[in-house]
Amino acid sequence: MLVAAATDLSLVVDRDGVIRDATFGADGLADDGAARWLGRRWIDTVTVESRPKIAELLGDAAPGTVTRWRQVNHPSVSGIDLPIRYSTLRLPGEGQILAIGRDLRAVAALQRRLAESQQALERDYARLRSAETRYRVLFQLAGEAVLIVDAATRRIAEINPAAARLLGRSAKRIVGQDFVDLFEPEGGKAVQALLVGLRLTGQAEDLSVRLAHRRGEARVAAALFRQDAGTSILVRLNLVAPVAAQPAAARTGALDVIEAMPEGFVVTDRDRRIIGANAAFLDLAQLAAEQQAKGELLDRWLGREGSEIGALFATLVEHGSVRHFTTVMRGEFGVVEEVEVAGVSVPGGEKPCLGLTIRTLPRRIAPTASGGRELPRSVEQMTELVGRVSMKTLVRETTDLIERLCIEAALRITQDNRASAAEMLGLSRQGFYAKLRRYGLGDLDGNEDADARDE
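Every letter in the sequence shown is one number past the one before it in full-length UniProt numbering, and letter 199, counting from 1, is 199.
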């Protein structure tokens, strides 16, 4: 009774290795087939690979000492092996052996769940790496000039080869440069106002400005997005009057990449009627040929019931782009898959169109929310510029960053009272407003007179 109360499982085995008595302290052991072991040889109740361990437990059993623990597996009625950890002790008298067992079903279940979770994580990370590689390839091969600009410092973080060709300089010389410097002085002021408005409201109208070094007039379209706890701007440049068309081979290569993408890609007009689609989209829609999709409404396959697809296209037309829009894709034969949509509006040209990428939604690990305010990433970017620009330029840029952070902190402490902020920083009113204009902080129209009246 003492052994039965203290263990999950205990067996009494005679000299011939036959189970003569058994007690079960853990729930469910008897239902898993352990109750049928009585009268059978102990070695016959385990799986093939566990038989040598039973032989060792029987052979090592001695009076007054307990053998080391060994894990064995018993076949069960549920089809899943029953893991038990045994130790044996030879009893005095008739030479019977007492086998004390510990139930390892809970540990085995945790190990299975851990292995399955690890495999799922590895698959998700592999998908993320593959998706990042595909988007990198598209970024590099796209015929449209695209730049990534840091919203806080206006410094160019990334540029694709098409933009480098448009600007007539190598990508290494352009990365790290102030984005406004890519344009003539008058155009630079308009671009600076566009960036300020984009940071304040999240959207801005496209504008046409002249590029520096007589590179022609370009149309600038910008969209704000968050990345790595910071804010960046995606900028597209299109020459209003291109001097030369892109080589046909480059266009053909980009089209081949889009067609071969494992993620769905579809182009529609403003009325949501499909103009073209790649093979991956046809697979999601369960269609055999592109002609079956052309001219049809995208609503037929994309979006849940209701106005969800309308909201997607309204956002796309209003803001120019949309990212991480979660919805469903309905196949022609009833298959429904959760998908994530990213899209962009192309207003230029004779026929404005909309392009969307559609990928099946993998399991994600929710990122931990950060409650603190993140500093701009420009310090790290300046460090990466060592060797590309002179030390004098780096020192000047670092000074600009410190000035900007101090002004922002003073405005935050004084609740946007510019007069108090100027006094806190030891600056004159005129000098403080000059620095606000320099860094594009806030809308200064009429604010100087208003502050003077407040004083």
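Treat the hints with care, since some could be wrong.
Heads up, simulated DSS-like pairs for lysine-lysine below, C-alpha to C-alpha not over 25 Å straight-line [stated by the list, open to error]:
| # | residue 1 | residue 2 |
| --- | --- | --- |
| 1 | Lys392 | Lys435 |
| 2 | Lys294 | Lys351 |
| 3 | Lys189 | Lys435 |
Computed beta-carbon distance windows for the label pairs [unchecked claim]:
| # | residue 1 | residue 2 | range |
| --- | --- | --- | --- |
| 4 | Gly93 | Lys53 | 21 to 27 Å |
| 5 | Asp60 | Arg123 | 40 to 46 Å |
| 6 | Gly168 | Asp271 | 36 to 42 Å |
| 7 | Asp44 | Val3 | 43 to 49 Å |
Hints were generated in silico from the structure; no laboratory data involved.
Predicted, not measured: the structure shown is a model, and the values here were computed from it.
No residue lacks a Cβ here, since even glycine has one placed at the ideal position from N, Cα and C.
Results of checking the hints against the structure:
1. Lys392 to Lys435: It holds: about 20 Å lies between the C-alpha atoms, which stays within 25 Å.
2. Lys294 to Lys351: Given that 25 Å is the threshold and the Cα spacing comes to 16 Å, the pair holds.
3. Lys189 to Lys435: holds (16 Å)
4. Gly93 to Lys53: 21 to 27 Å: holds (26 Å)
5. Asp60 to Arg123: 40 to 46 Å: Hint holds: Cβ distance 44 Å, inside 40 to 46 Å.
6. Gly168 to Asp271: 36 to 42 Å: With Cβ atoms ~39 Å apart, the hint holds.
7. Asp44 to Val3: 43 to 49 Å: violated (23 Å)
In this structure, only the earlier hint numbered 7 is contradicted, and the remaining ones agree with it.
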